[in-house]
Amino acid sequence: MGKIQHSTIRTVAQRAGVSPATVSRVIGNYGYVSQATRRKVEMVIQELGYRPDNIARSLVTKNTHTLGLILTDILNPFFAELARGVESITYKNEFSLLIANTDEDIEREKTILNTFIEKHVDGILLVPATSKASTHLQEIIEKQIPLVLVDRNAENISVDTVMVDNEIGAYRAVSHLIERGHEKIAMILDNPDISTNMERLAGYRRALLDYGLVTNDLLVRCCQYTTQSAHEIVYELLKEKDRPTALFTANNFITIGAIRAIFNMGMRIPEDVALVGFDDLGISQIGYPTVTAVVQPVYELGQTAAQRLLARLAGDKGVPQEIRLQTSFIVRQSS
116 MGKIQHSTIR
126 TVAQRAGVSP
136 ATVSRVIGNY
146 GYVSQATRRK
156 VEMVIQELGY
166 RPDNIARSLV
176 TKNTHTLGLI
186 LTDILNPFFA
196 ELARGVESIT
206 YKNEFSLLIA
216 NTDEDIEREK
226 TILNTFIEKH
236 VDGILLVPAT
246 SKASTHLQEI
256 IEKQIPLVLV
266 DRNAENISVD
276 TVMVDNEIGA
286 YRAVSHLIER
296 GHEKIAMILD
306 NPDISTNMER
316 LAGYRRALLD
326 YGLVTNDLLV
336 RCCQYTTQSA
346 HEIVYELLKE
356 KDRPTALFTA
366 NNFITIGAIR
376 AIFNMGMRIP
386 EDVALVGFDD
396 LGISQIGYPT
406 VTAVVQPVYE
416 LGQTAAQRLL
426 ARLAGDKGVP
436 QEIRLQTSFI
446 VRQSS
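Be aware that the sequence shown starts at 116, since it is given in my numbering, and climbs by one per residue.
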């Protein structure tokens, strides 16, 4: 078996009858090269199966062809699916992707951003740990590093943002419960300082008002970002004398904890407590009862965010965009 021959810029230059500097200009797409020479070099590159050394290319173009993706919880199926959407675009466009996890910790987010800057990433996709602190993000913009926020936005910062329409999704979920005859509907959410929860809470409240029901802040309960915390909050809520007859849960983890609490109370879904969840990543479709859910286009969310970042890297200088993808709604057994 013969050895694999590794082509170099010099090999390409010799075969094409040009200088190594000309080959570098073709690869880096900088400087002047005639169309005829460019075609000849590109043909030789294809014939030899030459792959540019990314490190060498970065020294020439000042680009690393690497993007950074910062998630809040990589174990959450939502963010795993989002990352797959991002990677499908970066792979197709021959960009490497660095992925990091903040655990919803703003200080960790700042550290990771600094690390990505030190690694000279060409651009950053970020799920913010909070929507209320953006000074450190402004510093990224001032360094002229393209930044796209995904799933959540941040206050007082002007960058591209790709999200779903959370308020409309929540409005539809709560309206469905009201139309099923429920008037005492509780909402369970986690971090109140992220835009997704702010918007879902707004949709919950607007639905109650539009249907002429009283909004009661005592029916809005916050838990930690764990199924156990959600279980504890819902369990205590259902022990109350004047308990709700329906629950709207703000994400998958809360939905799981809520279902466990309802069953541990010896109650039935939906006969004793109806349930609608925001998110539909597998758990809503298995077991009994299956869960009525607001469905987010998570894979598309990741793809769209990556495409927006690549557009910026390609020279798009337009005003920052807020892109909203629409949710859908699936009625199942839990309501």
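Hints may contain errors.
[Said to hold, decoys possible] Straight-line alpha carbon distances no greater than 25 Å define the calculated BS3-like cross-link-like pairs of lysine-lysine that follow:
| no. | residue 1 | residue 2 |
| --- | --- | --- |
| 1 | K207 | K432 |
| 2 | K234 | K258 |
| 3 | K247 | K225 |
| 4 | K299 | K356 |
| 5 | K225 | K207 |
| 6 | K258 | K225 |
| 7 | K247 | K207 |
| 8 | K299 | K354 |
| 9 | K354 | K234 |
[As the list claims (entries may be wrong)] FRET-style restraints, in silico, Cβ to Cβ:
| no. | residue 1 | residue 2 | range |
| --- | --- | --- | --- |
| 10 | L328 | Q422 | 50 to 58 Å |
| 11 | E270 | D431 | 34 to 42 Å |
| 12 | R154 | N208 | 36 to 44 Å |
| 13 | Q253 | T360 | 56 to 64 Å |
Everything labelled a hint here was simulated from the structure, so no lab data went into it.
Glycine included, C-beta positions come from ideal geometry on N, C-alpha and C.
Taking the hints in turn, this is what the structure says about them:
no.	hint	verdict
1	K207 - K432	holds, 23 Å
2	K234 - K258	holds, 14 Å
3	K247 - K225	holds, 14 Å
4	K299 - K356	holds, 13 Å
5	K225 - K207	violated, 29 Å
6	K258 - K225	holds, 14 Å
7	K247 - K207	violated, 34 Å
8	K299 - K354	holds, 15 Å
9	K354 - K234	violated, 52 Å
10	L328 - Q422: 50 to 58 Å	violated, 41 Å
11	E270 - D431: 34 to 42 Å	violated, 24 Å
12	R154 - N208: 36 to 44 Å	violated, 22 Å
13	Q253 - T360: 56 to 64 Å	violated, 46 Å
When the structure is compared with the earlier hints, violations turn up for hints 5, 7, 9, 10, 11, 12, 13 and for no others.
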